[in-house]
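Colleague: Each chain is listed here by its residues.
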Amino acid sequence: MSQTTCRAAGLALAATLAAGFVNSANAQVLAHKDISIAMATTIAMTAIDNCKAAGYNVSVHVLGRNAETIVGIRNPLAGVNTYENSFKKAYTSRTFRIESGKFADNVGQNPVAAQLMLANIVAARGALPIKIGEETIGSVGISGAPGGDKDEVCAQAGIDKVKDDLK
Amino acid sequence: MIKTACGIAALALACCATSGANAQLLTTKQLSLPIAVTIAQTAIETCKQQGYNVSVHVIGNMGEILVAMRGDNTGPHTMENSMRKALASRGQRIPSGQFAENVAKTPNAGALRLGNMIPARGALPINVGNVTIGAAGASGAPGGDKDEACVKAGLDKVADQLK
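Protein sequences appear in the order of chains V and R. Heads up: the first sequence begins at 1 in our numbering, then just goes up one per residue. Heads up: the second sequence begins at 1001 in our numbering, then just goes up one per residue.
Quick caveat, the hints were computed from the structure, so don't treat them as lab data. Any given hint might turn out to be false.
Derived coverage of chain V by chain R (criterion: at least 3 residues anywhere in the stretch with Cβ under 8 Å from a Cβ of chain R; other residues may be distant) [claimed, not checked]:
1. 41–48
2. 68–79
To be clear about the criterion: a stretch of chain R counts as covered by chain V if any three or more of its residues have a C-beta under 8 Å from a C-beta of chain V, and this derived list gives those stretches [to be verified]:
3. 1026–1035
4. 1061–1072
C-beta: ideal position from N, C-alpha, C; glycine also.
Extracted from the complex, chain V is given alone in its bound form (with noise of 0.2 Å):
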């Protein structure tokens, strides 16, 4: 009998506990750090100017924690796909917090890849995650030079102009 009426409170107590730890963590709203206008806006133009430095005109994409777009940017000498595949590889990048190359390289071997079937997903070079240390705030995707290598070479420089305002 006081075994189980001790079991009983245990089990109550427990349960309280329980239920007021996930109360308490349920009440706390996440706090994040976000990319602003101004560092989407230096991000993106830093990486234009490079590619244009090398000779290429590129499009551009930033975008946020939730793969919104913070800033887009057509270049009207570059190829009227480049802002559209700016944005699939900067959501590519965002989605799966990795360089947009490194996902194709991942897929490159696997002809049913799933992740190819959703949507705005691509499997091309030129985009990268932007981190705050191991958390992935958003993303840079470029697209309009020869090849994703040097696309990403742009998004790099981008992010590098602002690394120091990434913490």
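Go by the hints and put chain R onto chain V.
Modeller: Then chain R, alone, in the frame of chain V:
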């Protein structure tokens, strides 16, 4: 007989004149990347100075998006809204606020059934002389007049280059 000959000659001329016109390429002006970015940034900064966060779209001659910028802490609809204001302005070649006034008197205006045109103030056409080559729209300020003022500041900034 002479009359017929004249008729044929006239037809031949008409034919050649048409060919000649078709053979000429259109020469149009296009917004450059630096101009489009300057318009957008100036609009955002102008509104920022007045205490408003806005999103901005600058679109080109065919309604293609040249620059899309999401303002800090703006509502999620401001990106779509600034684009649709700009498209209304480009399509009608007038301020989107003027378009709003025009269609307010005709609730069944056909233009409102087209994709993306929205009757809301805050976008202005970008003109070279009398020719519209694009538009810029803002959304996020408390009132389309305030959005429009920021867009105007953006256009003023590049006025010397719009020629």
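Colleague: Does each hint fit the structure? Answer for all of them.
Modeller: Hint check:
no.: 1; hint: 41–48; in the structure: holds (count 3)
no.: 2; hint: 68–79; in the structure: holds (count 10)
no.: 3; hint: 1026–1035; in the structure: holds (count 4)
no.: 4; hint: 1061–1072; in the structure: holds (count 9)
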